[in-house]
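Chains as they are written, first to last, in my numbering: chain U, 1 to 307; chain C, 1 to 307.
Careful: at least some of the hints might be erroneous.
[As the list claims (entries may be wrong)] Chain C regions said to be covered by chain U (calculated; three or more residues, Cβ under 8 Å):
#1 203-216
#2 226-240
[What the hints assert, rightly or not] Keeping only pairs whose Cα atoms sit at most 20 Å apart, straight-line, the calculated EDC-like set for lysine to aspartate or glutamate is:
#3 U:Lys286 to C:Asp303
#4 U:Lys205 to C:Asp89
#5 C:Lys188 to U:Glu228
#6 U:Lys77 to U:Glu56
#7 U:Lys188 to C:Glu228
#8 C:Lys192 to U:Glu228
#9 U:Lys249 to C:Asp303
#10 U:Lys205 to C:Glu207
#11 U:Lys192 to C:Asp303
#12 C:Lys67 to C:Glu118
#13 U:Lys192 to U:Asp159
#14 C:Lys205 to U:Glu207
#15 U:Lys205 to C:Asp174
#16 U:Lys188 to C:Glu295
#17 U:Lys188 to C:Glu227
#18 C:Lys188 to U:Asp89
#19 C:Lys205 to U:Asp89
No lab work stands behind these hints, which were simulated from the structure alone.
The beta carbon of each residue, even a glycine, is placed where N, CA and C say it ideally should be.
2 protein chains.
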Amino acid sequence: MSLITVGTMAFDAIETPFGKVDQIVGGSATYVAYAASNFNVPVNQISIIGYDFPAEELEALKSRGVKMDGVEMVSDKKSFFWSGKYHLDMNSRDTLITDLNVLADFNPIVPESYQDSEFLMLGNLMPKLQLSVINQMKVRPKLIVMDTMNFWMDVAMDDLKEVMKEVDVLLVNDAEARQLSGEISLVKAARKIMDMGPAFLIIKKGEHGALLFHQHHVFFAPALPLEEVFDPTGAGDTFAGGFIGHLAKTKDISFENMKRAIIVGSALASFCVEKFGPGRMKEINKEDIDNRIGEFVQLVNFDIDLV
Amino acid sequence: MSLITVGTMAFDAIETPFGKVDQIVGGSATYVAYAASNFNVPVNQISIIGYDFPAEELEALKSRGVKMDGVEMVSDKKSFFWSGKYHLDMNSRDTLITDLNVLADFNPIVPESYQDSEFLMLGNLMPKLQLSVINQMKVRPKLIVMDTMNFWMDVAMDDLKEVMKEVDVLLVNDAEARQLSGEISLVKAARKIMDMGPAFLIIKKGEHGALLFHQHHVFFAPALPLEEVFDPTGAGDTFAGGFIGHLAKTKDISFENMKRAIIVGSALASFCVEKFGPGRMKEINKEDIDNRIGEFVQLVNFDIDLV
Numbered sequence: 001m002s003l004i005t006v007g008t009m010a011f012d013a014i015e016t017p018f019g020k021v022d023q024i025v026g027g028s029a030t031y032v033a034y035a036a037s038n039f040n041v042p043v044n045q046i047s048i049i050g051y052d053f054p055a056e057e058l059e060a061l062k063s064r065g066v067k068m069d070g071v072e073m074v075s076d077k078k079s080f081f082w083s084g085k086y087h088l089d090m091n092s093r094d095t096l097i098t099d100l101n102v103l104a105d106f107n108p109i110v111p112e113s114y115q116d117s118e119f120l121m122l123g124n125l126m127p128k129l130q131l132s133v134i135n136q137m138k139v140r141p142k143l144i145v146m147d148t149m150n151f152w153m154d155v156a157m158d159d160l161k162e163v164m165k166e167v168d169v170l171l172v173n174d175a176e177a178r179q180l181s182g183e184i185s186l187v188k189a190a191r192k193i194m195d196m197g198p199a200f201l202i203i204k205k206g207e208h209g210a211l212l213f214h215q216h217h218v219f220f221a222p223a224l225p226l227e228e229v230f231d232p233t234g235a236g237d238t239f240a241g242g243f244i245g246h247l248a249k250t251k252d253i254s255f256e257n258m259k260r261a262i263i264v265g266s267a268l269a270s271f272c273v274e275k276f277g278p279g280r281m282k283e284i285n286k287e288d289i290d291n292r293i294g295e296f297v298q299l300v301n302f303d304i305d306l307v
Numbered sequence: 001m002s003l004i005t006v007g008t009m010a011f012d013a014i015e016t017p018f019g020k021v022d023q024i025v026g027g028s029a030t031y032v033a034y035a036a037s038n039f040n041v042p043v044n045q046i047s048i049i050g051y052d053f054p055a056e057e058l059e060a061l062k063s064r065g066v067k068m069d070g071v072e073m074v075s076d077k078k079s080f081f082w083s084g085k086y087h088l089d090m091n092s093r094d095t096l097i098t099d100l101n102v103l104a105d106f107n108p109i110v111p112e113s114y115q116d117s118e119f120l121m122l123g124n125l126m127p128k129l130q131l132s133v134i135n136q137m138k139v140r141p142k143l144i145v146m147d148t149m150n151f152w153m154d155v156a157m158d159d160l161k162e163v164m165k166e167v168d169v170l171l172v173n174d175a176e177a178r179q180l181s182g183e184i185s186l187v188k189a190a191r192k193i194m195d196m197g198p199a200f201l202i203i204k205k206g207e208h209g210a211l212l213f214h215q216h217h218v219f220f221a222p223a224l225p226l227e228e229v230f231d232p233t234g235a236g237d238t239f240a241g242g243f244i245g246h247l248a249k250t251k252d253i254s255f256e257n258m259k260r261a262i263i264v265g266s267a268l269a270s271f272c273v274e275k276f277g278p279g280r281m282k283e284i285n286k287e288d289i290d291n292r293i294g295e296f297v298q299l300v301n302f303d304i305d306l307v
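Construct the complete structure from the given sequences, taking the supplied hints into account.
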């Protein structure tokens, strides 16, 4: 069962307490594609790149089953560029540079060849563009997952709310859930946000794991305690790619299966942070992923008789 | 199997975003005793109180099986008083007042009637006093659990390290684990701290749960996502009391059983924060606790086939 992923393909410059890189490929759709392509599911990419985006990076993704029919290449502009510096605790970062370049003109078009996709991953983008992709689908996908960020809450809240009405799963971090709902308690925030449209809400808490809410159910998945978090860039997108990749592979969008999908997404994200950019995602194989999922099982596994 | 708990019995004045109280009983040993007394295990209290500590509060604890032979009452001084104000996120607080009062003279004595105790909970106290209690035990307890805080790392690190050599389980929060080890990564911090003495390390992360380390094993227990965190005061001590209470009841100090003990401690702590002071701890019964533990099972329960 195929899936569409919409988002950025970019260059990043990243500085962490452990080192820096001046130019490495990144972007939400890049990370989603690397993660989702571990599941033997066709990944239909929609993005925009400039003349400077490396051909070998496109080939690397194509060789993993990622289709590029929906990736527009602009021959006289540069690719989107983002530069950021992480604080010592790695939970927060400062954006140093945002050069939109080709992204300023991005008008995502869903190619005819993508129309049979039953899963849609809307990476973090201007809400109007996310809505445009939904509206171009001739048959509503079986599952629409949406990522967003605080920036859109600041500048395009009304548009954001319009998209939220149309999606099944919303991904935000804890600060964004509080901003979106006006509630400090994440439980109350979740209830308000689900009332705004999405039947499922995932609240990402970085090194503190992730919560999945649905109706009155809640599930918690930890992040794996790691010796080294080298570069958190893309971890959220990798999580999203693993999440929707697992769902698309299993064709099961029940709450129970979403719990598994969150563990799979968390496992993939735990690899992502081990090297700069998507470097580690290019190396891992099925056995690595299975072993990592096994570590998650060990991490939270307990049996208990009641007091 | 009986347990000794050493720590403060105090008055607190607490301000949270949800309200304030000018005087309510508190103190580490009070919270430990309320939690540990849910397990049909004799709780042997060691503490010091002033003339102003309410008799009905002592009776309330005695009626739960808490022995007071080791609680010294000073007839011409006031009880220890602490006042604090929580920030909006409830994860941090400012100490406004610390009146040591009787605590300045605290010299804990282990009564003869406590000598058969096989479990020892050293609440947060001056490390020299914690060591004195260990040294007074004629037979080394089966398990010694120690709580401490950043303050002792600042002013009495050498003494703290002496105590750490003698204990089995150390309880600290994430910031304290980093301070104690000089490592940012909690995995690396845990390894260094276990090299300093304790075979088991629990790192408490407040609303983000707790980690248990032992050799190369790690276990994670989430905190229950709550609608309202009314007052976090005593949550860490309640967690500790539930942890050691479960171990003393089951007489099993294996890693597997410590995982269960952490879930039990987390369940009790989740009640503690629902009202000011130990108010909620006085109300709950076995059925409430069992139901809450069931919620923890639901929160993290998943079954997964590997990718």
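Status of each hint after checking the structure:
Counting residues of the segment 203-216 of chain C whose C-beta lies closer than 8 Å to any C-beta of chain U gives 4; at least three are required, and the coverage claim holds. Counting residues of the segment 226-240 of chain C whose C-beta sits closer than 8 Å to any C-beta of chain U gives 4, which meets the bar of three, so the coverage hint holds. For the hint linking Lys286 of chain U to Asp303 of chain C, the alpha-carbon distance of about 19 Å falls within 20 Å, and the restraint holds. About 14 Å separates the Cα atoms of Lys205 of chain U and Asp89 of chain C, which keeps this hinted pair within 20 Å; it holds.
For the proposed pair Lys188 of chain C and Glu228 of chain U, the alpha carbon gap of about 9 Å is at most 20 Å, so the pair holds. Between Lys77 of chain U and Glu56 of chain U, the direct Cα distance comes to roughly 19 Å. Compliance with the 20 Å bound is thereby established for this hinted pair. Restraint check for Lys188 of chain U and Glu228 of chain C: the C-alpha separation of about 9 Å stays at or below 20 Å, so the hint holds. Annotation: proposed proximity of Lys192 of chain C to Glu228 of chain U holds, straight-line Cα distance about 15 Å (limit 20 Å).
A C-alpha spacing of about 17 Å is found between Lys249 of chain U and Asp303 of chain C, which places the hinted pair at or below 20 Å, so the restraint holds. Distance hint between Lys205 of chain U and Glu207 of chain C is fulfilled; the C-alpha atoms sit about 11 Å from each other, no more than 20 Å. The straight-line distance between the Cα atoms of Lys192 of chain U and Asp303 of chain C is roughly 29 Å, outside the 20 Å bound, and the hint therefore fails. For the suggested pair Lys67 of chain C and Glu118 of chain C, the alpha carbons sit about 15 Å apart, so the restraint of at most 20 Å is met.
For the hint linking Lys192 of chain U to Asp159 of chain U, the alpha-carbon distance of about 17 Å falls within 20 Å, and the restraint holds. Straight-line distance between C-alpha atoms of Lys205 of chain C and Glu207 of chain U comes to about 11 Å, which keeps the hinted pair within the 20 Å bound. The straight-line distance between the Cα atoms of Lys205 of chain U and Asp174 of chain C is roughly 16 Å, inside the 20 Å bound, and the hint therefore holds. For the hint pairing Lys188 of chain U with Glu295 of chain C, the CA-to-CA distance comes to about 17 Å; that is within 20 Å, so the pair holds.
Proposed proximity of Lys188 of chain U and Glu227 of chain C is supported: the alpha carbons are some 6 Å apart, at most 20 Å. Annotation: proposed proximity of Lys188 of chain C to Asp89 of chain U holds, straight-line Cα distance about 14 Å (limit 20 Å). The straight-line distance between the Cα atoms of Lys205 of chain C and Asp89 of chain U is roughly 14 Å, inside the 20 Å bound, and the hint therefore holds.
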